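*Asks:* Protein sequences appear in the order of chains A and B.
Residue numbers for the first sequence follow the numbering used here, beginning at 17 and rising by one.
Residue numbers for the second sequence follow the numbering used here, beginning at 28 and rising by one.
Take the hints with a grain of salt, since some may be wrong.
Unchecked claim - Among chain B residues calculated to face chain A with C-beta under 8 angstroms, some are: (1) Lys133; (2) Asn142; (3) Ala143; (4) Arg159; (5) Leu165.
As the list claims (entries may be wrong) - Using 25 angstroms as the maximum straight-line C-alpha spacing, the simulated DSS-like pairs for lysine-lysine come out as follows: (6) Lys142/A - Lys168/B; (7) Lys163/B - Lys125/B; (8) Lys166/B - Lys19/A; (9) Lys142/A - Lys132/B; (10) Lys19/A - Lys142/A; (11) Lys132/B - Lys163/B; (12) Lys147/A - Lys166/B; (13) Lys132/B - Lys147/A; (14) Lys19/A - Lys146/A; (15) Lys19/A - Lys163/B; (16) Lys147/A - Lys168/B; (17) Lys146/A - Lys132/B.
No lab work stands behind these hints, which were simulated from the structure alone.
On a predicted model such as this, the values are computed, not experimentally measured, just so you know.
Cβ coordinates follow ideal geometry from the N, Cα and C atoms, glycine included.
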Amino acid sequence: MNKAKIIFNQTMMISTAVLFGMGIRTAILFLVAGQYMIEWQWYIPLSVVLVGFLCALASLVLYDETDNESHQRLRVVIHFILVLGIVSLFGYLFDWYSDLTGYLIIAIMYVIIYTFVWISTLWMLKVDEKKINDAIDRIRDEE
Amino acid sequence: MLVRINKADSYENESAVINAFEVTENIRNAVDILRNNGSSIPVISEGETLMVQTSSIYYVESVDKRTYVYTKDECHETRYRLYELEEILGINFLRCSKAMIINIKKIRSVRAEVNARLSAEMLNGERLIISRGYVKDLKKKLGV
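Whenever a hint applies, use it, and build me the whole structure from the sequences.
*Replies:* In structure tokens:
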């Protein structure tokens with residue numbers, strides 16, 4: 017997968033996950049507070065895609081060919097913090113939250129979305145891995 | 028395509044004739060397979076030139092402008108450059124990084140890593156990395 021494709025896929029996944037998170041949030045607000053209508057500023061959907069794109073760019077820190085596995089784990093931690101920083105900063109600029117409670121809700125959503133994106137990515141990698149191993153099984157030399 | 032196989036008297040007398048309207052990718056692959064089953068390349072081992080069967084090669088690596096051919100438990104230097112071997116070795120071999128060509132028939136299994144590259148375990152237990160950029164070529168080669 018080239019870098020442009022990775023960024024595109026990640027942007028789509030993150031935006032979908034954010035949309036899912038917003039859906040869950042509004043559903044909770046409806047169930048808890050009986051809130052039927054949620055109003056957003058005109059730029060909110062676009063801001064979601066923009067932040068999705070920036071978070072996808074940040075994911076490039078994960079793709080280094082020379083790293084060993086322990087470095088990769090460290091990169092995941094750095095990536096988690098970096099993306100949290102992007103979400104916090106742009107969330108503040110785009111008025112996704114206005115107080116500490118709002119920020120905590122965003123942070124919890126972020127953790128859920130981060131986990132969702134990682135599980136999806138790992139699942140896709142594992143699907144590919146299985147397909148490749150099955151194909152290798154068919155042609156492998158006998159030793 | 029009609030395929031006819033006639034029994035030969037010996038291995039030395041084995042041959043294949045392909046009557047094709049057009050030399051397609053499939054025909055080229057078939058020729059490659061037929062040629063490579065018996066082909067070998069010259070390598071240098073302790074000052075002597077030896078011939079190594081391409082089917083016994085696990086991988087080829089370029090280090091400091093020198094090219095090394097690895098078999099199950101031996102390593103030999105060759106005068107060929109990596110890009111030349113990429114042409115010579117045929118369809119069972121895949122460029123898996125800038126400095127390495129791997130024999131996909133010698134891979135026991137692959138493991139996906141977080142950064143989208145693959146870690147390949149070879150039949151002799153060695154672990155090699157298939158870079159992210161070449162995973163697509165591997166999948167294409169395997170028809171995945």
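*Asks:* Failing hints, ascending?
*Replies:* As far as the earlier hints go, not one is violated by this structure.
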